[in-house]
Amino acid sequence: MRISRTTVLLLLANLIVFGFVWRAASGHQPVAVTQTQLFPPDPARIVLTEGAARLVLERRTAGWRVLEPFEWTANIWSVQRLIDELRFISTERGFDVEETKANGATLKDYGLDPPRWTLKVVGDGGATVEARIGIQPATRHHFLLTEDGRRLVPLPEAIAAALATSAESYRVDRIFEIADFEARAVSVRRRSADSESVTALTSEARPRVGRKVQLPEWRFETPVDALADPDATARAVADLTNLRASRFTELAEAVTGLAAPTLRIALEGNSRRQVLLIGNPAPNQPGLLCAKLEENPAVFLVEARDLRDWLNARETLADARPADFDPALVTGFTVTAGGRSLTLHRLEGGGDEPRWEIPVAPGSTATRRREGDARTITRFLDALSRLRAARRTAVEAGAPSVPAVSVPVSPTPAGLPTVELEFGAERITLTFAEDPARGAGARLVHAKGAPLAAICDVSMLDGGYLNVEPPAWRRRAVAVLPQGARVSGLRLTARSDGKVLGEARLGPDGNWAGAGRLEPASARRLALGCAEVKALEFSGRDTGAGAWAFELRVTDQAATGAGAASETIRTYLCSAPVDGRTLLMRDESDDDAFVLEPTLAATLLPLLAEPGR
Amino acid sequence: MSRPASITPTRRFLRGLARTCLWLLLPVLSALCWLVHLDRPARLPEFIGDRLAAALSTQGVQVRARAFWIQPDLSLAADDLTIAVAGLSGEIFEAARLEAALHPGSLLAGEVALTQLRLSGGRVWCPAALARDGVRRRLVDELSLDLAREGRWFQLRNAQVRSGKITCRIVGELPVQSLRFDQAAEGTPSRRLAAVLADLETAARWAERSSGASVTARCAGQADGRTELTLAALLGDDWLDPIAGRIRAHAPRLSGVAQIGADGRLGKWRLSGEARDLAWGGWSARRAELTAEGADAGGGELRLALSTVKGGGVFLPRITLRSEEFLKPNKHATYRLTTDASWAIGSLSRQADGDFAIHVEQAAIAAAELADAPMIGPALREARVSLTGEVLLRGISASLTREGAPRKVSGEIAASGFRGLGLSAESIAPTEGQPLRTCFDYEPGRLAAPLLLRELRLASVRGEADLEPRAGGAFRLGLRGDIAPASLDVILGKWWVDLWRDFTLAERPFAFIEVRGRWGEETAVTKGRVRLRRFEFLGAPFRRVEVSVDADPRRTFIGLHGLAGGASEADGSVDGTATWDWSRPVALAGPVIRLEGDLQPWIAARCGGAALGETLRGLELPAARRLSLELAPGESAPTLRVRASCEGTFNAWGVRGETLQAEATGLGKGLRISAHAGFAGGQAVLALAGDPLSRAKVELGLVRCDPAVVGAMFAGSPSLESASTQNLAPKGRSRLDLAFSGEVDFKDLKMARGRGRYALEDSELRKVRLLGGVSNLLEALGVGATTYELTEAKGSFGCLDGRAYFPDMAITGPQARLDLVGELDLKAATLDFEGDFSLPRKQGFDPIDIINLNRALVSLAKIKLTGPLAKPETRNFATLKDMIKPQQGKDLGKMPPSLLE
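Quick note, the sequences are listed as chains A and B, same order. Each residue of the first sequence is one higher than the one before, counting from 1 in this note's numbering. Each residue of the second sequence is one higher than the one before, counting from 1 in this note's numbering.
There may be inaccurate statements among the hints.
Every beta carbon over 10 Å from chain B, so not counted as near; a handful from chain A, in silico [said to hold, decoys possible]:
| id | residue |
| --- | --- |
| 1 | N14 |
| 2 | R81 |
| 3 | A205 |
Heads up, incomplete: computed chain A residues facing chain B, CB under 8 Å, no partners named [what the hints assert, rightly or not]:
| id | residue |
| --- | --- |
| 4 | T118 |
| 5 | V122 |
| 6 | R235 |
| 7 | D457 |
| 8 | R581 |
| 9 | R586 |
Rough simulated footprint, nothing fancy, chain A against chain B, three-plus residues with beta-carbon under 8 Å [said to hold, decoys possible]:
| id | segment |
| --- | --- |
| 10 | 24 to 37 |
| 11 | 133 to 141 |
| 12 | 189 to 202 |
| 13 | 379 to 388 |
| 14 | 487 to 497 |
Source of the hints: derived by calculation from the structure; they are not laboratory data. Don't be surprised by glycine CBs; every beta carbon is placed ideally from N, CA and C.
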């Protein structure tokens, strides 16, 4: 193919022009944004002068700092607000000074002769912009005079508020730079007139009985090696790390007492340590204490109440938990009371729902055992693990309440109720001593080996720590038909004369045929209820139902087969109706009488009531 | 010029096309060349703006501008630009100037891709249709933007927004994808824009609640294409919350960090803030800390901690709230509340319908703080419930309306220091150490029973309760266990108090009790059973009983089952009932007691008084006994009917009897007793009226009884044992008939007062030997002429003050007669009788009788019996003293006049 000359010329002309366009376009520098900011967009130093007072803010690697009138970490939000407002100041919004002068006004009319503030902003690159700011007497509006003195810029109210803020507002309140999650150790040295005490806490992970994975937790190192209360200590540490300086002050050392501080709190974080010195109360302000950081001469005041926990840390932070364990890890426990004991063991491979077994008689080693009530046992262990010392009002007025813990009586008196928790081969033994001073629900609970015992309200244990009667722990389900099985026959008999009060049978067609009090509808309801007979509670004593008045015979049919061979019989002895809702029962093959759960009782009770009553 | 034949039409067409394009392109490029060398914007002809507006109009976007410009960098600019979108009324965007550069390559590909955007004086409007209040409003007052695309980043040189009192500035690098218009999103562009504007309007309204904010964000691009955004915000001091009202806070501030992925999606983020000296409503907090963090835009975890919270009379040193997935609906926040002496941990969430769900995992609330709470304290005081120690909560689930009213609350509560309605752990079982603990379920809307208590335990009592917690509300209590009756006094009322007043319990009764009623009204219906062991009722000892209770406002029915008294099974038991009919006047209401069984009578009598019981202790019935008792209130005094019967031998005050049939009616001083029994070989009939403990009127009849046995009763105080050893069996040869009417004190029978008659037949009653020992000798020789037999005795007698008077005892035989007068000192068991022996003449003339020398001897005989009753001394002849003083002892045996009245 041959290309015509015209085409080639056109192509060349286009290429040449495109080259010009390309060169010009690629070398084009974007023009500045249409708006023009007066101050550098990223200030590095701001100096605000108002008369003799100077506020100097400087940006450092770690953030903004106040350099004058005191040296302290700057409040980034306050500084940022000032910077944000400076960014909105544009010369375009102003007007020429000459124009105002032409109209007969002077700088004094705008409060700029002399100005109230002088604002000097140094940018990242060293560019410095200095402006004067004044308040127009007539309107109280703020006006800025540019450095060259040629333009006047009205300022929004927001920047006026930022300028009027005191130097105190430009500093952070927090004293410690260490955050609460970073804190690893706290040491408190308290000096009194004749003694000095040291309390040290450290956060560390140490394996404990009853816990599978132990995360770092606060412990006392001094004066004794003991656990600290996790909640109270975490809160106290958080409060300490968030401790605020109320205000800075200039007081003589003799007044502040910081040469020989009464309290010295050392807070250790990750690879850094800060020490706070607390001195005397501020003059005429007993609620405020003089304080300073060890490496900063600035003296400030802190509120005394914020340090309450640390003035008496041994008491306020003492562990309130006599037994801290994971109930899911308990493999067994033994309750001992009144010279008798009862041991319950968790069955292996119980699935999601733990299964427990109990001996028939207290302390028995009989091979015949019964299944424990998982709900009752779980609730007991859960309540046991949640025991907390009650709070005791502090002796000193205004001081915080402290957990009611005390040194246990040594040796432990014999005969006290105990609960021994098993975690495989490891044990936690808890004793429960009387504490008559605190009412019916309080007991002095002590874990063997622990330095302190706790006075706890044990109401939620529901008396479990005293209960050595196996029926109390029995599984509430007395009989549960397996899947597919069903009740096929019922017979109700008065035991006094052997008279059959009612009898019903399930027909092959699935309909009930009954006579006497067990007419079909009642029989169906009763059969449905008898598929799962549950006790409301087992009675561990003679409840007065010795004279069983009725006998209920339940015939069960297995899931497979319908002949007599597939049938089994349960026989229950029933008391006369005790009240409108209560019925006592006993499986004939079982020694434990029980109060029937209300649903089945509501079905059965009308059948037992004498006609006409 | 002819065309070469080799050029095909197709090639010819292509060549022409190329040449035409080159011709057209050349002026365009020339214009561009002029433009880029012009170094100032060039205003585009109006028709271009019109064409552009028309083209966009077909897309539903209406653009108007004062002028369109093309700038030397080939970007387009517009002055006084307004944009409106079809379907949204009015302009939605205004800008004083907009400059935009598009990527030419993408543009040729038909795609709009920004490479640079500058904006100043921008404003965003929310159309009236989208505004919540239906009024068009400005969402953004001032918007300045300067961004340029650099590779995969948008370089955000400056973005400043001012909306009301809120200013925001963002600088840094953003991933290109973050600003890409998502073509795949659902809905038309206008619909999506409307959604964005609606969201903005919501945000603006939300922001309006604050008194201002200054937000600064900086984006820093990472090598992997992500952007890290840091945010700092200083908020105004006020916040208007729709629920809490105006919240004031000092220097609230917010800071955050977020990662924006290369695809523009939000990655991990964290927001933290704090404020001091908060105040809202009547509440205040010294400090608030907020932390929120998440892994994406879908949600995250929120933590809020308030310290030193005060309000409503409550002081909470610390509250912490924690919420996971809080941005998603129906997610919950966990909290921890602490006061000086209380604490609670749990969670709360807001449901889709605006309700709140609060869960208290565990809490320990100091009772003192609870009592000081403004709502709870007065309610407790009104209900006269006092709490001490701690109230423990576990597993509480509460559903509250948005106004804070409870819809449903359930869980477990324990109050160790509960005292109310007369119930307390100490009152029920002081030694148990088991305070009140229960699971509860409260649902105000449930008509039957808003408050259900299950697995209730107070000391030794367990049970359930269905309650309507208001004055006059209905309640049902089902209690079982060892119970101290007094602990239910307040709940069950006066009848219960009265019932137990006369009980002295050695063991606490085990009770099943069901009570239905209304608070503050004495209309409770009580049913149940109480098993008592080792107790005393009205001083009478009982071993056990099972009491069934069926009480309602109209009547109270107490069933007594197996009321076993005394100390052993031999003391017997009774079954029975006690009923009160409250429809009758109080005095007549009851109890009506019916008992039947084999209880020893003295145990039943002991209920009537210790003295009566002790008196009847002397009456011991054999095992085959029956006792029935009916007691009913009467107009003036209660009426009593007691029937006692037995087969076989019984012992009455040491005297054996046979086959007793006794009936007592009346009570106290009005008691009438009639008894019939085999006694001393005969029959005894006793009728007693009056108070047997003081002086009862007695009519005693003995028929054909053995006088020796009867005499033994008066001779001493034989006990049962001594009676059994004595030979008191009737001998069969003597017979006593006796009728006595008088007053008897059963405590001291010897002090009986009254008169009677007697008749004694005994073949060997007495032999009178006129010659004493000589008569014995003669008798032995077969001569009985000087011996006379006496076989019958009869006469009257009277008893007074321990003495029995016999004024006319006549002892007769076939041939002789002995007339005696005398007295018995029952206390000293002595007698003093004297009399004359006579030989009565037969009717008609008998010559032998005339020469009977015995008559001469008899005339000399003076019978005198003195000394102990058991062994009296007998004299048969008169002494000299008798002859000298014949009048001495003339009053012997005479009944005192008082006895004769």
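Outcome of the hint check:
The claim that A/N14 is not at the interface with chain B is violated, since a C-beta of that chain comes within 10 Å of its own (minimum 5 Å). Look at A/R81: its CB is around 5 Å from the nearest CB on chain B, not clear of 10 Å, so calling it non-interface is violated. Annotated as non-interface, A/A205 keeps its C-beta farther than 10 Å from every C-beta of chain B; the closest such distance is 22 Å. Checking A/T118 against chain B: minimum C-beta separation of about 23 Å lies over 8 Å; hint violated.
The restraint placing A/V122 at the interface with chain B is violated, with a minimum CB-CB distance near 19 Å, outside the 8 Å limit. Interface hint status for A/R235: upheld, as the beta-carbon distance to the closest one in chain B is roughly 6 Å, under 8 Å. At about 5 Å, the closest approach between the beta carbon of A/D457 and any beta carbon in chain B falls short of 8 Å, and the interface hint on this residue holds. Among the interface hints, the one on A/R581 holds; its C-beta lies about 6 Å from the nearest C-beta in chain B, closer than the 8 Å criterion.
Below 8 Å, beta-carbon pairs count as interface contacts, and A/R586 has none with chain B, the closest being about 15 Å; its hint is therefore violated. Chain A is given as covering the segment 24 to 37 of chain B, and this holds because 8 residues of the stretch bring a CB closer than 8 Å to a CB of that chain, at least three being needed. By the rule of at least three residues with a Cβ nearer than 8 Å to a Cβ of chain A, the coverage given for the segment 133 to 141 of chain B is violated, with 0 such residues. Counting residues of the segment 189 to 202 of chain B whose beta carbon lies closer than 8 Å to any beta carbon of chain A gives 0, which falls short of the minimum of three for the stated coverage.
With 1 residues having a beta carbon nearer than 8 Å to a beta carbon of chain A, the segment 379 to 388 of chain B misses the requirement of three or more and the stated coverage is violated. Proximity of the segment 487 to 497 of chain B to chain A, defined as three or more residues with a beta carbon under 8 Å from a beta carbon of that chain, is not established by the 0 residues found.
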